[in-house]
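Undergrad: Sequence:
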Amino acid sequence: MSAFTAVDPPRTDAPSAVPRAPVPAAVLFHGVVLAETRRTWALLVDAGVVVLALVVGLVVTPLLGLVLPVVAVLAVLAGLVRHGRTPGHVALRLRTVDARTGMPGSPLALLPARGVTADLARGRDPLRVIPSALTPGPRTALPRSADPWAAGSRRPATVVLLTDDGSVLQVTGPTIVGRSPVDPTGAHRLLGIPDLSRSISRSHALIEPHGAAVWVTDLGSANGTAVALPGEPLVRLAPNVRVEAPVGARIALGDRVVHLAEAQTAGLGTEGAR
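For the sequence shown, the working numbering assigns the number 399 to the last residue and increments by one with no breaks.
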């Protein structure tokens with residue numbers, strides 16, 4: 126028997142993952158401070174690493190003098206593609222990501238027209254989770270008594286999401302979670318969770334607060350959504366079937382896992398939940 130049961134039949138009104146409009150730069154890079162001239166200094170540091178590899182190699186043998194610089198260049202490019210950071214970026218606390226997606230993944234991000242280099246010492250890391258409060262989608266005006274979230278938006282969240290990178294996220298209304306979520310209907314909040322492995326779909330799941338729990342709906346994601354009650358194994362959800370997850374449950378979004386916790390347990394009081 127499953128550790129939990131679906132509370133609804135398959136939903137036909139769940140937001141579709143397509144069409145996938147690009148996320149506005151104002152949302153994608155909210156709180157990010159551009160590195161400006163420090164980007165050039167990072168390139169000089171990277172060039173110095175390659176030159177140092179050449180000198181060390183030549184001191185040992187001419188053959189090693191040819192091999193080590195190539196290895197150094199490949200290592201620099203690998204760091205840029207996988208994490209958006211090269212030795213120069215690490216030294217100066219920078220990160221370069223694609224201007225269109227906010228994620229690393231291409232050496233072309235080094236080009237000024239294609240990349241955004243963030244100063245991590247002065248602003249938000251673009252790979253940190255974007256709080257849902259910063260990305261509310263437009264909502265259709267409803268009568269005061271008919272809007273179930275009108276009162277809740279003025280009260281502290283009772284349930285929060287704890288991500289595997291240490292972020293604490295509030296879900297104060299129906300929220301689409303994904304790598305770069307979009308909502309063609311404009312009726313849901315958006316919560317972006319960076320994922321270097323690309324295991325999270327752009328619009329992966331819908332999470333809806335429900336008292337001391339949430340409803341979770343997989344939106345037809347490529348790698349699926351799973352839920353586990355405390356002490357139980359993860360159980361994969363069927364697409365577009367809403368399932369209730371209580372406090373203490375785990376939610377797997379591709380390879381990323383978030384935990385449900387009470388706001389007070391997570392250290393969020395009235396002030397932190399605003």
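If you are wondering where the hints come from, they were derived from the structure by calculation, not from laboratory data.
Watch out, some of these pointers could steer you wrong.
Unchecked claim - Computed beta-carbon distance windows for the label pairs:
(1) 188 - 248: 42 to 52 Å
(2) 355 - 173: 48 to 58 Å
(3) 355 - 202: 36 to 46 Å
(4) 387 - 322: 35 to 45 Å
(5) 215 - 335: 14 to 24 Å
(6) 187 - 156: 47 to 57 Å
(7) 195 - 224: 24 to 34 Å
(8) 311 - 192: 49 to 59 Å
(9) 185 - 356: 50 to 60 Å
Glycine included, C-beta positions come from ideal geometry on N, C-alpha and C.
Undergrad: All hints are to be evaluated individually against the structure, with a verdict given for each.
TA: Tested hints:
no. : hint                  : in the structure
1   : 188 - 248: 42 to 52 Å : holds, 45 Å
2   : 355 - 173: 48 to 58 Å : holds, 51 Å
3   : 355 - 202: 36 to 46 Å : holds, 43 Å
4   : 387 - 322: 35 to 45 Å : violated, 30 Å
5   : 215 - 335: 14 to 24 Å : violated, 43 Å
6   : 187 - 156: 47 to 57 Å : holds, 50 Å
7   : 195 - 224: 24 to 34 Å : holds, 29 Å
8   : 311 - 192: 49 to 59 Å : holds, 55 Å
9   : 185 - 356: 50 to 60 Å : holds, 56 Å
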